[in-house]
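Let the sequences and hints guide you as you build the complete structure.
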Amino acid sequence: VLLRVDHNVVKKGVIKDPYRIDASLETIEYIFSKQGKPIIMSHVGRPRNKKTGEIEISEKTSVQPIVEYLNDKLGKKIKTVQIEEQTSKGLENLECINDLIKELETGDVDGIYLPNTRWFKGEESKNETKTEFGEELADIADIFVNDAFGSWQPHASTIEPAKHLPSYAGFLMQKEIENLDRVLKPERPLLAVVAGAKFDTKIRPLTALLEKVDYLILGGVIYNAYLCAKYDLKIKGITAEDISEAKDFINKADKYPGKIVDLPYIIESDILNERIDGKVRTCNIYMMRKKKELNYILDVSPKSFAVSTIRDIFKNSRTIFVNAVMGFTPNFFEGTVALNKIIDENKEAAKLFGGGDTLQEFKTLLPKVYENALHDDKYYFFTGGGTILKAIEQDSSLGLEPIKELLKQQDNLTERRTGLERRSGNDRRTKQIPSENNTRTGFKRRSGKERRKPAQK
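For the sequence shown, my numbering assigns the number 1 to the initial residue and increments by one for each residue that follows.
For the record, the hints were derived by calculation from the structure and aren't laboratory data. Treat the hints with caution; some may be incorrect.
Unchecked claim - Below, simulated DSS-like cross-link-like pairs (lysine-lysine); rule was C-alpha separation at most 25 Å, straight line: (1) K291 to K234; (2) K16 to K198; (3) K378 to K259; (4) K79 to K34.
What follows is the structure, encoded as structure tokens:
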């Protein structure tokens, strides 16, 4: 079973937070329970230099820590290959895993984990190399399961295998899509809190959000740019490009008066990378004159969340979506703490969080609240923040390229399916992993000439 997951949790050779790995365990354990042999793959980091195209193969972006974690967690023998080849062009093909495939066939290992998919030349390619790599991936398995909701980019490992193999959505993928519908078709009022480091990467989903939400709160650099544009301020570190983007956004927001909620109290610092007493102060945006020049704005003050009108918005919302770290951590974290606390006070709302940094800061700053949230049905933590914003921009949980490819498979493999009712319209969903009652489309391995072979030396 070729299984695409999103285990992009390694930084400098260390797992920062295993949440994404843990979220995929249900699918992996199910494959094992049906005597399936998983061939797992994920990307880690960005080993490819966008300017030169060179691919750095190093321990910093290796899947080895993930393999060790899985073996400890599952009590299985999953193995990856150690890449000794030093090349700036990336791995040409899957020849490096031939010995591992043999070990998998003989039962010497329970599963294998491919090297970082972004180490392969074809993964992020846009030419025939991508197609060839996808065909190679399909050649080593009988079916393909995509459980990588957080990997929405149409790369070889997320798209191509579904063109050649019976393909299914994993349990995590199904769960993420269902919860994404809670954002796209929410119980109202819907409040969204979005922060980011650059306006240009968020302007399209933010514009789409304006149409859907009842209230929108901004944070981070995009809030600073918004303040510059709206109140004619100058804030250190905010570029003219960001301000221009913010002005365009404000012009579009004029169609939706009252939806953007300004947090009035902000934290100004004379220094960017430190927090020094006497160099930090709280400012009120409504007390500033035009053209005022400010130093770095590195957080929103908790006082903002004590304003009665803002408290009421959080109290009365029935769906809250969060993709935000409000301050420049680790030194400026009070705004994020206050945000997550006031959200937690609302026991009635569906609270949907997305984004690696969003979840990491929540866990770090409020560990007890975070731990309780993991077991609270009112909370849901998405494994991919960028995926959610992309889906919001497209106004569809099924419009992302990897999911669309699974839906094509649903069309192409209708006669092979059993026990899966065809749905239409808004009720249509990706195919699910074969269940016990769906054995004909399940994990039967091909044999003889019918079976595809891995690349040979």
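Evaluated hints:
1. At roughly 6 Å between alpha-carbon atoms, K291 and K234 fall within 25 Å of each other, so this suggested pair holds.
2. As the CA atoms of K16 and K198 are separated by approximately 24 Å, the hinted pair is consistent with the 25 Å bound.
3. This hinted pair checks out: K378 and K259 have alpha carbons roughly 24 Å apart, not beyond 25 Å.
4. Our distance criterion of 25 Å between C-alpha atoms is met by K79 and K34, whose separation comes to about 20 Å.
Consistency note: the structure conflicts with none of the earlier hints.
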